[in-house]
Amino acid sequence: MINGSYQGKILRVNLTNGDVKVEAINEEWAKKYIGGRGYGTRIMLKEVDPNIDPLSKENKVIIATGPLDGTLAPSSGRVMVITKGALNGAIACSNSGGHFGPALKQTGYDMIILEGKAKEPVYLWINKGKVEIKCAKHLWGKPVDETDKLMREETHPEAETMAIGPAGEKIALIANVMFNGHRAAGRTGVGAVVGSKNLKGIAVRGNLSVNVADPEKFMEAVYETRDILSKDAFSGGGAALYGTAMLVNVINSVGGFPTRNAHDAYFPEAEKISGETLRDKNLVRNEGCAECPIGCGRVTEIKEGKYKGEHGGGPEYESVWALGAMCGISDLNAVIMANYLCDRYGMDTISAGSTVACAMDLYESGFMPKEDAPFTLNFGSSDALVESIKRMGEQKGKFGKLLAQGSYRLAEHYGHPELSMSAKKQEFPAYDPRAIKGIGLEYATSNRGACHVRGYTIAAEVLGTADRLKYEGKAELAKTFQDLTAALDSTGICLFTTFGLVGKHIAALYSTATGNECDEKEFMKIGERIWNLEKLFNLKAGFTRKDDALPPRITKEPIKTGPSKGEIEKLDKMLDDYYKVRGWNEKSVPTKEKLEELGLSQLK
Amino acid sequence: MKILMLDPLKCTGCRACEYACSFKHEGVFNPLDSRIKISTFLEDLSFVPSVCMQCEEAYCAEVCPTGALIKNAETDVVEFNKDKCIGCKQCVVACPWGSIKLEHTGKEIIKCDNCEGDPECVKVCAQQALTFEEVEDAVAAKQKGVAVKYKEIAKEMAKGVNP
Numbered sequence: 001m002i003n004g005s006y007q008g009k010i011l012r013v014n015l016t017n018g019d020v021k022v023e024a025i026n027e028e029w030a031k032k033y034i035g036g037r038g039y040g041t042r043i044m045l046k047e048v049d050p051n052i053d054p055l056s057k058e059n060k061v062i063i064a065t066g067p068l069d070g071t072l073a074p075s076s077g078r079v080m081v082i083t084k085g086a087l088n089g090a091i092a093c094s095n096s097g098g099h100f101g102p103a104l105k106q107t108g109y110d111m112i113i114l115e116g117k118a119k120e121p122v123y124l125w126i127n128k129g130k131v132e133i134k135c136a137k138h139l140w141g142k143p144v145d146e147t148d149k150l151m152r153e154e155t156h157p158e159a160e161t162m163a164i165g166p167a168g169e170k171i172a173l174i175a176n177v178m179f180n181g182h183r184a185a186g187r188t189g190v191g192a193v194v195g196s197k198n199l200k201g202i203a204v205r206g207n208l209s210v211n212v213a214d215p216e217k218f219m220e221a222v223y224e225t226r227d228i229l230s231k232d233a234f235s236g237g238g239a240a241l242y243g244t245a246m247l248v249n250v251i252n253s254v255g256g257f258p259t260r261n262a263h264d265a266y267f268p269e270a271e272k273i274s275g276e277t278l279r280d281k282n283l284v285r286n287e288g289c290a291e292c293p294i295g296c297g298r299v300t301e302i303k304e305g306k307y308k309g310e311h312g313g314g315p316e317y318e319s320v321w322a323l324g325a326m327c328g329i330s331d332l333n334a335v336i337m338a339n340y341l342c343d344r345y346g347m348d349t350i351s352a353g354s355t356v357a358c359a360m361d362l363y364e365s366g367f368m369p370k371e372d373a374p375f376t377l378n379f380g381s382s383d384a385l386v387e388s389i390k391r392m393g394e395q396k397g398k399f400g401k402l403l404a405q406g407s408y409r410l411a412e413h414y415g416h417p418e419l420s421m422s423a424k425k426q427e428f429p430a431y432d433p434r435a436i437k438g439i440g441l442e443y444a445t446s447n448r449g450a451c452h453v454r455g456y457t458i459a460a461e462v463l464g465t466a467d468r469l470k471y472e473g474k475a476e477l478a479k480t481f482q483d484l485t486a487a488l489d490s491t492g493i494c495l496f497t498t499f500g501l502v503g504k505h506i507a508a509l510y511s512t513a514t515g516n517e518c519d520e521k522e523f524m525k526i527g528e529r530i531w532n533l534e535k536l537f538n539l540k541a542g543f544t545r546k547d548d549a550l551p552p553r554i555t556k557e558p559i560k561t562g563p564s565k566g567e568i569e570k571l572d573k574m575l576d577d578y579y580k581v582r583g584w585n586e587k588s589v590p591t592k593e594k595l596e597e598l599g600l601s602q603l604k
Numbered sequence: 001m002k003i004l005m006l007d008p009l010k011c012t013g014c015r016a017c018e019y020a021c022s023f024k025h026e027g028v029f030n031p032l033d034s035r036i037k038i039s040t041f042l043e044d045l046s047f048v049p050s051v052c053m054q055c056e057e058a059y060c061a062e063v064c065p066t067g068a069l070i071k072n073a074e075t076d077v078v079e080f081n082k083d084k085c086i087g088c089k090q091c092v093v094a095c096p097w098g099s100i101k102l103e104h105t106g107k108e109i110i111k112c113d114n115c116e117g118d119p120e121c122v123k124v125c126a127q128q129a130l131t132f133e134e135v136e137d138a139v140a141a142k143q144k145g146v147a148v149k150y151k152e153i154a155k156e157m158a159k160g161v162n163p
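Those protein sequence lines, which keep their order, are chains H and G. With my numbering, the residue at position 535 of the first sequence is 535, and numbering never jumps. With my numbering, the residue at position 133 of the second sequence is 133, and numbering never jumps.
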């Protein structure tokens, strides 16, 4: 029996035949991979052939918490969705805030393994450990916010919910999984995998406690870390005041804010969509995820114009960028409306916004015939943005169906895949690698496709003291951030805590909660192990060095205006350095020695 | 006399107070064991804290047949004596706030005791939605807040513009 803050149990639900099993957490795996992302990936490697079609019933979806979920550790309510991703077939772990993670823990389970495929739409109701598979035919087709409300009405008013929207049901490759109606496990198309299983959602409510191994030392660490976060300028100040969108002006001011499908990296109208403007014009209140002292979440309302009266959660920085600058749009109300629509349909805002930008690029360059576009599709058109999002969500017509598969498939369809601003077919987020060199290496090597939250080098390159335009040292930087994040994600704590906390703080929370001895060095080693574990899955799925790439626009077309004018990203040299730093060969395969060092030899 | 002040406008719904409360009193993390409760209204994205108000006319104490609940005039807290409780749950029925609760097994009564003057929930509320203040100070601050608004109106009136 495992001790500390684990509940020690895994729920396994076979959707094909309705079988429900309870299994014990493997103690050795918990020590090696912590929980959540790391543990879930280990299950995937054991139980799922990396070569399968991600949308086949052989794929599995793991809904997982970490050992810090359900405790008072700061920002410790993350829930992770681990599967073989629909967007690119790589190992996917997408995580979300909200209150679902702690609630799942209170039902007595650390994680749920979902297998097979239900004959017709269903949702799960996990009530104090008891599992019921309920009919969801009446919920199919309903938007996420309404589904959340109906599930709570039918189960318990205080249940916490997970749901997919119409996008996931229709297997849009950019579909996400939503929690509490407006929090997203956004990336890699996890919503499409859930939809392929005919699973509309999960409602959970529990009554069990979470214990920690060393209560006195744990609470010391809790109060120390909460205090640091409250005093930090970002986590204790700017993030609450302006939300993550405070970064709009910060990133634009260094000329690293991809604009009009990355034709440029400086948006002269950035101020109109900044966190400061959002606060002035639309903010109703702040929202905090479970146990979070930061409260970066936005509750907003549109107060004028054609969307007047609409209200909801967000947008956060990446969404403002993708639906705004990337499409050349500075109409904040339209950006907010598009963000609400993405949440309701259950679509990833980064991929959705970048895909509309790609469509605008194809349209303006003449690669998309005029008759294929249902309306004029120029950069800067806020009506085109909102209408495109609706068509994607509903998969209306050829246009809607094409865009719902993301920018890579769209651009490939028109013979110009190079116009998709993606790596491993996943759209990159709101930092231009030409202006911030290390983040490009991070996008290219990220195990789930281009992503900023696998290794947020921005913290050092823009918010810290590293030179953003230098290549030296970026391989080490990317590795450090990637390893730290892999371990940190697996504990269930939010990445934003790292604005104030470092590895030793998280290691202290983790070790006092679980009783697993762990200092900063060991914590980083676990992170490296998880990173290599994910890499092994991807190698088996057929990914090679050539997939660690960036779009030619980033590596060949200099930035046209702004503070980073003239810059391009030189990826190859950084990649060579990175593989060396990782202990991988030049083909990006981990060496025998590295796998032995990490205790992964048997998995090769 | 200090009272717990709850400000729903500042509350972000993170529920850290619930976890701090349950840990302080029961040594575990369980929102059902928390004396304080955050109600979330997702449709309106609103969050409302509620906790025992330590009523002057405490119905819970009045209805208690064994004297397990008594209003202490000195500390101003409605004190709960577990040894005298027979578990009839009439206090749960009587409380107009829903702040006399049963812990997670549904067997024992729990209620807020202001942590003997040092509330744990206040310590973890990063947004200062929960504060523990002298009641006179709290009233004065509220009066001042309202007065600031009236001051602006008075300025306009002084210009001869009747609002």
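Everything labelled a hint here was simulated from the structure, so no lab data went into it. Keep in mind the model is a prediction, meaning the values are calculated, not measured. Using N, Cα and C, we set each Cβ at its ideal position, and we do this for glycine too. Certain hints may be false.
Unchecked claim - Derived lysine-lysine pairs resembling BS3-like cross-links, with alpha carbons at most 27 Å apart:
| hint | chain 1 | residue 1 | chain 2 | residue 2 |
| --- | --- | --- | --- | --- |
| 1 | G | Lys-107 | H | Lys-130 |
| 2 | H | Lys-504 | G | Lys-37 |
| 3 | H | Lys-306 | H | Lys-272 |
| 4 | G | Lys-24 | H | Lys-308 |
| 5 | H | Lys-128 | G | Lys-10 |
| 6 | H | Lys-231 | G | Lys-24 |
| 7 | H | Lys-128 | G | Lys-89 |
| 8 | G | Lys-107 | H | Lys-9 |
Claimed, not checked - Just a few of them, taken from the derived set where beta-carbon distance is under 10 Å, the chain H residues facing chain G:
| hint | residue |
| --- | --- |
| 9 | Pro-102 |
| 10 | Val-210 |
| 11 | Ala-213 |
| 12 | Pro-215 |
| 13 | Glu-291 |
| 14 | Ile-294 |
| 15 | Gly-312 |
| 16 | Asn-378 |
| 17 | Gly-380 |
| 18 | Ser-381 |
Hints versus structure:
| no. | hint | in the structure |
| --- | --- | --- |
| 1 | Lys-107(G) - Lys-130(H) | holds, 21 Å |
| 2 | Lys-504(H) - Lys-37(G) | violated, 32 Å |
| 3 | Lys-306(H) - Lys-272(H) | holds, 18 Å |
| 4 | Lys-24(G) - Lys-308(H) | violated, 45 Å |
| 5 | Lys-128(H) - Lys-10(G) | violated, 31 Å |
| 6 | Lys-231(H) - Lys-24(G) | holds, 24 Å |
| 7 | Lys-128(H) - Lys-89(G) | holds, 23 Å |
| 8 | Lys-107(G) - Lys-9(H) | holds, 26 Å |
| 9 | Pro-102 | holds, 8 Å |
| 10 | Val-210 | holds, 4 Å |
| 11 | Ala-213 | violated, 12 Å |
| 12 | Pro-215 | holds, 6 Å |
| 13 | Glu-291 | holds, 5 Å |
| 14 | Ile-294 | holds, 8 Å |
| 15 | Gly-312 | holds, 7 Å |
| 16 | Asn-378 | violated, 34 Å |
| 17 | Gly-380 | violated, 31 Å |
| 18 | Ser-381 | violated, 30 Å |
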